[in-house]
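Chains as they are written, first to last, in our numbering: chain G, 1 to 425; chain F, 426 to 1223; chain U, 1224 to 1385.
It should be emphasised that the hints constitute simulated quantities derived from the structure, not laboratory data. Bear in mind the structure is a predicted one, so any value in this text is a computation, not a measurement.
Computed list of lysine-lysine pairs in DSS-like fashion (alpha-carbon distance at most 27 angstroms, straight line): (1) Lys483/F with Lys193/G; (2) Lys200/G with Lys483/F; (3) Lys1292/U with Lys590/F; (4) Lys590/F with Lys200/G; (5) Lys554/F with Lys1292/U; (6) Lys200/G with Lys49/G.
Sample of chain F residues lacking proximity to chain U, with all beta carbon distances greater than 10 angstroms (derived): (7) Gln434; (8) Thr519; (9) Pro646; (10) Gln713; (11) Glu728; (12) Ala875; (13) Gly947; (14) Ala1010.
Which bits of chain G does chain F cover? Going by a derived footprint, with three or more residues having C-beta under 8 angstroms, they are: (15) 336-350; (16) 353-363; (17) 373-387.
Every residue, glycine too, gets a C-beta built ideally from N, C-alpha and C.
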Amino acid sequence: MRSCEPLLFKNRRAEGPVFLEGYRKNGGYQGLEKALRGMSPADVREEVKASGLRGRGGAGFPTGVKWSFFPSDDAGEKYLVCNGDEMEPGTFKDRQLLLADPHHLLEGIIISCYALGIGTAYIFLRDAYRECAGNLERAIDEAAQAGLLGDDILGSGFSCEIHVHRSAGRYICGEETALLNSLEGLRPNPRSKPPFPAIKGLFGRPTALNNIETLANIPHIVTGGAAWYKSLALTEQGAGTKLYGLAGHLETPCCVEAPIGMPLGELIRDFGGGVWKNRSFKACLPGGASTPYLTAEHLDVALDYEPLEQVGTRLGTGGVVVFDDRTCMVAATLNLLRFFARESCGWCTPCRDGLPLVCWLLERLERGEGTREDLTMLQEQLSHINGRSFCALALGAMGPVDGLLRHFAEEVEDHIRMGRCPLQD
Amino acid sequence: MPTLTIDNQTITVPEGTNVLEAARQLGIEVPHFCHHEALGSVGACRLCAVEFLEGPVKGIQMSCMVLAKDDMVIDTGSDGVLAYRAQVIEWLMTNHPHDCPVCDEGGECQLQDMTVAGGHGVRRYTGPKRTYQNQDLGPFIAHEMNRCIQCYRCVRTYQEYCGGKDFGVMGTRQRLYFGRFSDGPLESPFSGNLVDVCPTGVLTDKTYRYKSRIWDLQEAPSICPHCSLGCAVIPGARYQELQRRRARTNRRTNGHFICDRGRFGYGYVNHPDRPRAPLLGHRRVTWQEALAALQNHLHEFCELYGSGSISMLSSSRASLETQFLTKRWANALGSGQLCFEAHPRRDQAARVAASQAPDCSASMEDIRSCDMAVLVGADPLAEAPMLALALRQAARRGARIVVVDPRPVELPIDCERHAAAPEELPRILQGLTRPQQNAFASASEEFGGALGRALLEAKNPVLIGGSDLLGPQGCQMLLKAAEACSPTGSTCRSMLLLAGPNSFGGAMLSDDGPGFDALLEGMEQGRIKSLVCIEADPVADYPDRKRCRAALARLDLLVVFDCAATATVQEADLFFPTTALEEAAGTLVNNEGRMQAFEKVFSAGTPLLQSAAGDHPPRFFSRDIPGSHPQPAWTTLARLLGRDAELEKVRRELEKIDPRFDGLAGLTADSEGCRVVAPRQAPALVAAPASGVTASDQLHLLVTEHLYGSELLSDLSPCLQAVKSDPYVWLHPQDVARLKLVEGKPVRLCTSLGEWTLELRINGDISPGVAVVPRLRGTVVETLVPGSEPMLCRIEKA
Amino acid sequence: MATLLSEKQIAQLKRRVKETPHPREMVLDVLHAIQDANGWVSDEGVELAAIVLGLSSLQVEEIATFYDKIYRRPVGRKVIHVCDSICCWSRGSEAIMLRLQQLLAIAPGETTADGMFTLLPTCCLGACGEAPALRIGRTLYGGVEPEQLEAILDKERAEVES
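Next up, chain G with everything else stripped away, as it sits in the complex:
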């Protein structure tokens, strides 16, 4: 069994969260000290860029590149917004991190603010994570008391404050521009880009937006250096470790930290305990609800950005959801699409009206009422929704439909041919 020395989960204990004392004992805030005492903001940005860290929120955009668009050296109000609206089904890593070790995120945020010349950070937290909010608030108080947050941090002259914002539901708030609207007290419809948040974000000011897990990696890159961080991955092009969620039909669903590039089958076997009830593996979502399915033939694929793109899917959030051989993939897809249709913000037509139509078609197929025309219509939906919606929600929603039609065409056909779901007795 291959595993790695945990970075983000190094303070994860069964007994409960670790706060300042425990965090510092285990090397916490050393990255911050190193950055503030020995590195210029540009040095930190350079290190992050060189580390190859990619966004862990789902889109996988290289963090250093994203930061390079940010006007770090410009004067005036700028913001960092930490996206903690973890709401994509199959994704529960950020919650695990906050439940275990809230200072980890704070250190990442403070270093990032230093690197980007930002004085104010917001942590946008989904409503369901009240416990996490409590942990964060306590950690913020502790950090402020210890001079790690607030004015003149560690005597460096750098000042930074962090606010926790409690949201009230809705998956769309995880879309970065919708999140900004939500934070401003506007309706959380996504904004059009350009202008990108880095230029015109929160309250019209330059805003850096990063996921919780992404930011939590920053201290390790600063302490260990880019080369070391990059070398943690099992793949050539990969970098660092990843918090993988393992859920669905597994013996031991869990959230684990493992190197980027871990083969899918190995992760499922070693950490998920294999498919439950001694059944066999039929398919999985490799990185949350919006990623197209992988099947048994993909068990060797490395869980890294490029290799997954090569097989027509994405690493997404790293939330692996496994389906056993008794799962009806039409039903699974319908469940996923109901989620996306329900969470559409209602701004654009393909998402607002297209996804419910997809649900209706899948319902017909699953009930055995589907016809060949319905299947044609479903295929049309795939080509007409993809790339035509205002934001990526509908594109993500069609990921599972894409996977269904690519990998399980026969199963769909069976529904039509038999006039019932072939997997129901």
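Using the hints, position chains F and U against chain G.
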């Protein structure tokens, strides 16, 4: 300036133009719902897809969201695009009801058009449809949410463009609701624009409901007559009834929208009390009889008393052609006793406005794009509602808006307010005329000077004045101030709000002619024996009604031409019915000096609804349409002058006699109009008597225009009665406390013109020492007219 | 209206609104405060929030109706959120939902006659590793078997009653 190719045609467009607009410039209309020229692109409906074949962007993209770039090659109708657009329509139609045959939008429904165009004839989706409860949105707008396709145009219009806060979008996903927090009338005075922007039948004109199919309507380009701005409108009529008005686009004036007073003020045309037949005394007579009586009488007066015994009064409601022929007729009779405005101060103010160099006056377009606007004594929502909307657009782009006024001027934007006492206004204007000066005689002048300096520093500043509050002297100072505040290489433009839709035209034609008080004096002295009122209502409009009535009573002959049952019509010895604006063609000159032609929409006649009393049309045969006697005033004048009643000829003649009107003959109603070429000479003004509060219990009385109830014609519109206020007086809390009055309780307003009992309202934005009373026709205070010389009053417990 | 929040709370919120350069950003905080105190946000609650924030009721309603965790209809003493997203679905959330409907004798979206529980489906609770999961009030229950539900409900009920 990128150059791109769309459907094999090449075009160069300004930087920042999106592909949808670029295509439109080529005459290619890319189907869309959410995009609107005035509202911009938001990428919500996703219908305007086109295929990018070459250039920086590839594949099928929304044309409204992609900016035109060099080397783009675009196909707006590729197979992929057409299939995709058909899919969008299918999505939108999954929940749209099949109620087109009974839908009020039928025939002008964009969704219907797109559905047919996209070939969506069979509904493949057979599932249930989402339904909603509708709301009562008040007297103007009907609500049918089931038809909604969620293009967000309504909320963008209402909130972003118009600044309304009580209509918006609620919910998410497929369960969006566009409406109010709870049932109730829409609060924005621009709510009617929802009708024009809604692409389906969700928000429709309630006053027009169940009346006509739009293809049965008679429509033509026209001008709104309810203030001096001259907004472009399209009235629609059927069965001799004017059934609605909608906005027309004129980028120089109103843009795409109009105000609710303009949209719903049309009812005067159909008013059941409208006099439709010539009257001799109270006796109905034929046109021939009436004209013969008129000519005989006037001939007699000329013989007996000389032509100076005949006087004429037209008004700002009369078209330029009518005003012009009135003047020709007066000339022909040899009478110099002619004026175009019954309100002497308004008359003088209009003459001042018309003395402004045309290239220095501000259009509404100039105001929308200004970066600083200073309003002195102007209350846009009351005096020229669309100006408020223009100012809002400027403010949205970051313009600084400063309101200097004794009244609590409300605007749909946050702006700087300076509650100046009426006597301060001239001093502030004085300061504005000397922005470069260092030392000022008073704080007011210094404030004006500071504003002036800010205007000098602005790029496109405008100075806006209300003629009622400023009076002619103030108007003249404002024009001087605009000149003084013009930045180098640029102009501080100015706009003066005038009394009516053709105040400017009348002022141009007035020359040095007498004002109406000179005419009244002549009547009082017995020199003037007859008065011909051509679309003028001196009884209601002259500030001292008692004096006017008494003078008119001394006349031997009062002749009135009008289309409404005005107070003056009641006194007429001889009456000629004229057409309403929509029933004839003509020209109006708006407050910036823009000549705008309007077409005839329909022929005058008693609405079928009235002549048939809701029953079957009358079953008798006659040559005439009932109630079709009204004639355009100018055609009657032409007959009296013994010439052809041809509009073209009249316009050409005016243009020839007076080159300032150059361009008039070539005007078409669907154009943007053109400004008069040169100003009139500035009128000689007599200094106004200084006024001041003498006793501690005295207040300045300001009678002001009100959005609803002040303007003659719109006040005759039945649907506007619902939004008309009861009479009230506004006082500052300090004065209320000083005078020991109680809010909401009736108070007694005592002036030299009379005494009235009114409701007391308190407003902290008002200047202390001022009592503001809105002009409200048909109420106890109807004799109080705005724009008068400053007046003092007392207010006591009733 | 004033009973929705104490005078002190209202004054505190108003002060915060006054202090922030962007008062609108407080809209969820104010709605949360009203909901925390009353269980849900009534029409009067929206009107109160509007007054506190200096917005129109409609402007607050536009926000309140967007979020599913702001309750604009009355709810029971405790809201049961049953996750129906993919991981919980794969491990039996449908059975959980059915059993709860039986036990409570209500359909999703309804409140029990005694006003104790409101039953709502919810999207992913971020407890995929403990699927099937549900949340009652502030307590998360993971790895729930239908047979455990009766005891869970009893416990929750007892908590309210004590």
